[in-house]
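Q: Take the sequence shown: its letter number 61 is residue 61 in the working numbering, and every next letter is one higher.
Please keep in mind that the hints were generated in silico from the structure rather than gathered at the bench.
Virtual Cβ for every residue (Gly too), placed ideally from N, Cα, C.
Keep in mind that the hints are not guaranteed to be accurate.
Below, in silico cross-link-like pairs of lysine-lysine (DSSO-like), each with a Cα-Cα straight-line distance of 27 Å or less [unchecked claim]:
| hint | residue 1 | residue 2 |
| --- | --- | --- |
| 1 | Lys70 | Lys41 |
| 2 | Lys5 | Lys41 |
| 3 | Lys43 | Lys70 |
| 4 | Lys4 | Lys70 |
| 5 | Lys5 | Lys70 |
| 6 | Lys30 | Lys41 |
Pairwise CB distance ranges, derived in the manner of DEER restraints [stated by the list, open to error]:
| hint | residue 1 | residue 2 | range |
| --- | --- | --- | --- |
| 7 | Thr59 | Pro25 | 29 to 39 Å |
| 8 | Leu74 | Pro22 | 15 to 25 Å |
| 9 | Ile9 | Gln33 | 18 to 28 Å |
| 10 | Ile9 | Ala65 | 11 to 21 Å |
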Amino acid sequence: MSRKKTWEISDAFWELVQPLIPTDPRVANKTYQRQRGGGRKPKYSNRLYFSAMVYVLRTGIIWNALPREKFSGL
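Take these sequences, add in the hints, and give me the full structure.
A: As structure tokens, then:
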């Protein structure tokens with residue numbers, strides 16, 4: 001029997017967390033100087049960032065010591 005990995009995010013838990021992550025705060029009728037979608041596109045998904053934060057909090061390692069197999073590039 002394998003041990004449960006407490007830092008892994010299940011799909012059910014992600015469904016609870018995802019609405020809490022802020023998205024585009026733009027107001028519909030307001031005029032902005034910059035176009036929507038300007039700037040750099042996100043390189044990684046919010047779920048990957050969140051699972052990396054949970055991994056750091058559960059294991060106690062520093063951010064730079066994240067395993068590259070799972071969190072390459074963060």
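Q: Hints first: check each against the structure and report whether it holds.
A: Hints versus structure:
1. Proposed proximity of lysine 70 and lysine 41 is supported: the alpha carbons are some 21 Å apart, at most 27 Å.
2. For the suggested pair lysine 5 and lysine 41, the alpha carbons sit about 31 Å apart, so the restraint of at most 27 Å is broken.
3. Among the hinted pairs, lysine 43 with lysine 70 is consistent with the structure: their alpha-carbon atoms are about 15 Å apart, no more than 27 Å.
4. For the hint pairing lysine 4 with lysine 70, the CA-to-CA distance comes to about 17 Å; that is within 27 Å, so the pair holds.
5. Distance hint between lysine 5 and lysine 70 is fulfilled; the C-alpha atoms sit about 13 Å from each other, no more than 27 Å.
6. Taking the CA atoms of lysine 30 and lysine 41, the gap is near 23 Å; set against the 27 Å cutoff, the hint holds.
7. The given range of 29 to 39 Å is respected by threonine 59 and proline 25, whose C-beta atoms sit roughly 32 Å from each other.
8. Look at leucine 74 against proline 22: about 19 Å separates their beta carbons, and that is inside 15 to 25 Å.
9. Evaluation of the 18 to 28 Å hint for isoleucine 9 and glutamine 33 yields a failure: the beta carbon distance comes to about 37 Å.
10. Taken as a hint, the range 11 to 21 Å holds for the pair isoleucine 9 and alanine 65, whose Cβ atoms sit roughly 19 Å apart.
In summary, the numbered hints that this structure violates are 2 and 9.
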